[in-house]
Amino acid sequence: MIWVMFAIAFWAAAWAVNLRLARSGLMARRGWRLVVPALFGVTLLVLWEGIVRGLQVPGVILPPPSAIALRIASEGPTLWADFRQTFLKGALSGYAIGCGAAVLTAIAIDRSPFLQRGLLPVGNFVAALPIVGIAPILVMWFGFDWQSKAAVVVVMVFFPVLVNTVAGLAAAERMQRDLMATWGAGYWQSLVKLRLPAAMPFIFNGLKIATTLALIGAIVAEFFGSPIVGMGFRITAEVGRLGLDMVWAEIAVAAVAGSAFYGLVALIERRVTFWHPSQRV
Amino acid sequence: MNRVLPVLSVVGVIVVLWYAAAVWMNAPWVRDQAARAGATVSFAELVPETMALERPVLPAPHQVVVELVKSTFGIKVTSKKSLVYHGWITLSATLLGFAIGTGAGVLLAVGIIHNRAMDLSVMPWAIASQTIPILAIAPMIIVVLNSVGVQGLVPKAIISAYLSFFPVVVGMVKGLRSPDAMQLDLLRTYSATGTETLAKLRLPSSMPYLFASLKVGIAASLVGAIVGELPTGAVAGLGARLLSGSYYGQTVQIWAALFAAALVAAALVAIVGVIERQVLARMGMAR
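Quick note, the sequences are listed as chains L and G, same order. Heads up, the first sequence is in the working numbering, so the first residue is 930 and it goes up one at a time. Heads up, the second sequence is in the working numbering, so the first residue is 283 and it goes up one at a time.
This is chain G alone, in the form it adopts within the complex (with noise of 0.2 Å):
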């Protein structure tokens, strides 16, 4: 409870800066209309004009929240405009991504832990590759899968795929050699096999692991998706409302796509941390 009010208090500080940096920034647009109109503006006059002008430099958060709100409950979900079209065209990109990478992560770790030869050639090609700007890829894959004919949905997901497989690979190769040799031996005296202690020690112990890339990949899936976005030329989906947007000036429709992106972002990771809590608790992992 003791960090409420810290957080509102920063979050109202935040609000009252962007309120007077919009101001700041909008002005010399109003005190120009308004030389051209041949008049002049008055301080009190201009402060509330720079917060209703159509394509401001930087939009009032209250615009951002009405255009935020008008675009996600005001008009049909099957509407080119209305955000809930885009941002499930994101969305589902980013879940079907997500699902893939963080399958395909889970085998190669335990393919890693159970191979030496395959932990010490792939490991450090895993780790290096975390150091190169994958989303530079993005455009390529898009746009060399649409000319073999795979367009919409796949492409977009196999980038996410791609972002959210090294942090599921590093962390479930952590976990999955998180059990202490004690624990090991242990189930060796059982005389359990390999398959065994994966199912019954190693993946058991490797959950908080697991969770922890899962936050980090889901994240790092919606940005796949939202960058896979913007080389097919602005059709669907937020990335696509972003890019329409900065073609065509309409900066609230920008701001109004980011909201919308931070807002699905947060839920997803703590839908995420919520199961996480709900798992490690059912197991008698809790912190």
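If we strip away everything but chain L, and leave its shape as in the complex, we get (with noise of 0.2 Å):
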């Protein structure tokens, strides 16, 4: 009971702390802005700690976050080589594969207006479709290796990109296209200097929503078959033997991977779009 009565007052106390900062003047400084969200994650691992061990929840339904990081730190290498597996050789591969394919075939149907307006809403539809549906029929096209999880992320990413990336293309002004005409520029120099680089924000958008896409795929497309190693046959492997704080071992490295990864493409997206009004502090 006292670990229940030591989480609830930590939260309280980690509560009035916020709602105190949240009110003083300190909110206009970056630095202290993190603060608040980081108290608050360290409050809801208290909360789970304490209440996990005062009321004696087994290990098998949820084990406390002290036992999860323990398990990380004892696990590294087999971690490692499931993160090599999934995220590494599947994600990323099919990652670059699918986005740069959704890239070169907008600027393919760029030129046609026709295939734009039948493309489009083809491509808005299926970015709506559960198409990690679509793993199952993959795994059994390219086996149970990573070939198979790369191509159903390159499946997945690739609406998206596509349609914001034809988006994108349309983005540049009817001045701007004018002043590239008055200058004499041919078709792919207006696309290289100033249709592309206008895109940029747009496609960032897609490559953004993508990531995510990418690591779901990739996880997902593991429940259907792979070989003993990689972050979803690991959670399915442990699931079915109980050892949940291997799960959640693997579900934190995969929230880490996720979040780095956008994170990345975030600041990737600040150097080359450094231009645009969304990026300008």
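The hints are simulated quantities; they were obtained by calculation from the structure and are not laboratory data. Treat the numbers as computed from the prediction; the structure is a model and nothing was measured. Among the hints, a few may not be true.
[Said to hold, decoys possible] Here are the computed lysine to any residue pairs in the SDA-like style, where the Cα-Cα straight-line distance is at most 25 Å:
1. Lys1137(L) x Ala410(G)
2. Lys1137(L) x Ala544(G)
3. Lys1137(L) x Lys456(G)
4. Lys1137(L) x Ala494(G)
5. Lys1137(L) x Pro406(G)
6. Lys456(G) x Arg952(L)
7. Lys1122(L) x Glu1198(L)
8. Lys1137(L) x Lys497(G)
9. Lys456(G) x Ala951(L)
10. Lys1018(L) x Asn1134(L)
11. Lys497(G) x Gln1045(L)
12. Lys1137(L) x Trp407(G)
13. Lys456(G) x Pro966(L)
14. Lys456(G) x Ser1188(L)
15. Lys456(G) x Arg962(L)
16. Lys1018(L) x Ile419(G)
17. Lys497(G) x Trp370(G)
18. Lys456(G) x Ala1096(L)
19. Lys456(G) x Leu389(G)
20. Lys497(G) x Ala1056(L)
21. Lys456(G) x Asn1053(L)
22. Lys497(G) x Phe1054(L)
23. Lys456(G) x Leu948(L)
24. Lys1137(L) x Ile419(G)
25. Lys456(G) x Arg559(G)
From these two lone chains plus the hints, build me the complex, please.
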């Protein structure tokens, strides 16, 4: 009981601190802004730990965060191998191929308004479909190893990036295009020097959506068959053995990898589209 | 009207490519069978055979449609071979989860709007959680809830709810903040309370944002329900059809289940779209 009391007391104290912080003038400064969500995250972990220990919830239902942290520390090599298989081989290669193909396709259909009018509704439609369902088919075609996971990722990221790139290529304004025309720029010159740069905010929007989809695709595809390594495989296998601390450890790795991947793309976006109003501070 | 022709021709090209791919991918198997029987097949014999295989590598479109129609209309709804039966199981989990997720999302968004501390502490996590592959948790939720005695509809609905929750929170917070300072000041001069401002200004002006997130959310809910059916070992639902099809190499069954899932997703998004147009038109916000 003492654990539960402590957790609730900590929660109340942290909440009071957060309320004070939120009302104080410190929020205007950048560094302090991170304190409030960080404190909230710590509070959640303390509440979790306290309730699990205090009510003696069995580890097969919900392991405490400390047990998960221990697992991450002790199973480092396994987690790294799974991460390499699922993320570096499956998700990243699929992401690169899918996004590259989508951008190239968008440029290819750019010259034909007919194709654009036809492909965009189809692309929007496909982007809303449960594409993960294609995983069992691609696992059959490309085998159990990372190639099939990469294929699933390619299909999943293709349409969001395609739709965004086509929208982006139409983003350059009439005046700017006319200016390029008065300078006698050809199609390719105006594409490279005006329309692709102008499309970048849209392309990066698609690329950011695709980061999450890539990781989801790679993990879910492993539920349909995989070699005995990989994050999705480990999750299903450990759930079967009720080793839930290992499952949570994998989820923690997936969460960190997903956020880092997204953050990296957002960082590149900042460097590439520094001129866009949304990036100016 | 000027979009119908291009869309039709793109769909037509996809179907033609699909037929070509079906012939190309199934041809080795047909040739192999013929070689074992000691016969050779000409191209004219090859093409129809590649489209009529029991377990093709890639079924031809008409095979999928035939299977889809057969398992939708040709079999009694209560039968375990009927896609309507499996589709309904997935759909009910989707709708229940969507309702829970949307309700909770709207409530949390209202809380975030009215409490600065909650805004500062919860909002960054809500946004960060969008970058996390939440679906990875699905098998664990199913198995854990199963071990405490909860099974069937509810665990899948929880996954669906979880997936539709965050888009709704993020969209609603944006929507509830969309009235500009002038409108808020006007309500203050009327001495409106917080609840009145919420009911008469913030909620109505958040509707376009809400519907945009609902469309994302209902598609995510369906994906959640389908993935939620995988770890239970292929009992019932569209996800189970996918899994059992992949266990037994029934490719036509997989494609039919996939098409059914796509049709359900398209129908759900379309229904939300129709409601959106009706509501916005009644509220005078139609674009």
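These are the hints, each one checked on the structure:
1. Lys1137(L) x Ala410(G): Holds, at roughly 12 Å.
2. Lys1137(L) x Ala544(G): Distance of about 24 Å is within 25 Å: holds.
3. Lys1137(L) x Lys456(G): holds, 19 Å
4. Lys1137(L) x Ala494(G): holds, 19 Å
5. Lys1137(L) x Pro406(G): Holds, at about 17 Å.
6. Lys456(G) x Arg952(L): holds, 21 Å
7. Lys1122(L) x Glu1198(L): Judged against 25 Å, a Cα distance of about 18 Å means the pair holds.
8. Lys1137(L) x Lys497(G): holds, 19 Å
9. Lys456(G) x Ala951(L): Holds. Lys456(G) to Ala951(L) sits at ~20 Å (cutoff 25 Å).
10. Lys1018(L) x Asn1134(L): holds, 24 Å
11. Lys497(G) x Gln1045(L): holds, 23 Å
12. Lys1137(L) x Trp407(G): holds, 17 Å
13. Lys456(G) x Pro966(L): Cα-Cα ~19 Å, so holds.
14. Lys456(G) x Ser1188(L): holds, 22 Å
15. Lys456(G) x Arg962(L): With a Cα-Cα distance of about 19 Å, the restraint between Lys456(G) and Arg962(L) holds, given a limit of 25 Å.
16. Lys1018(L) x Ile419(G): holds, 21 Å
17. Lys497(G) x Trp370(G): Holds, at roughly 20 Å.
18. Lys456(G) x Ala1096(L): holds, 23 Å
19. Lys456(G) x Leu389(G): The given pair, whose Cα atoms are some 14 Å apart, holds under the 25 Å limit.
20. Lys497(G) x Ala1056(L): holds, 12 Å
21. Lys456(G) x Asn1053(L): The hint holds at about 23 Å.
22. Lys497(G) x Phe1054(L): holds, 12 Å
23. Lys456(G) x Leu948(L): At roughly 22 Å apart (the allowed maximum being 25 Å), Leu948(L) and Lys456(G) satisfy the hint.
24. Lys1137(L) x Ile419(G): holds, 21 Å
25. Lys456(G) x Arg559(G): Measuring from Cα to Cα gives roughly 20 Å; hence the hint holds.
In the structure shown, no violation is registered for any of the earlier numbered hints.
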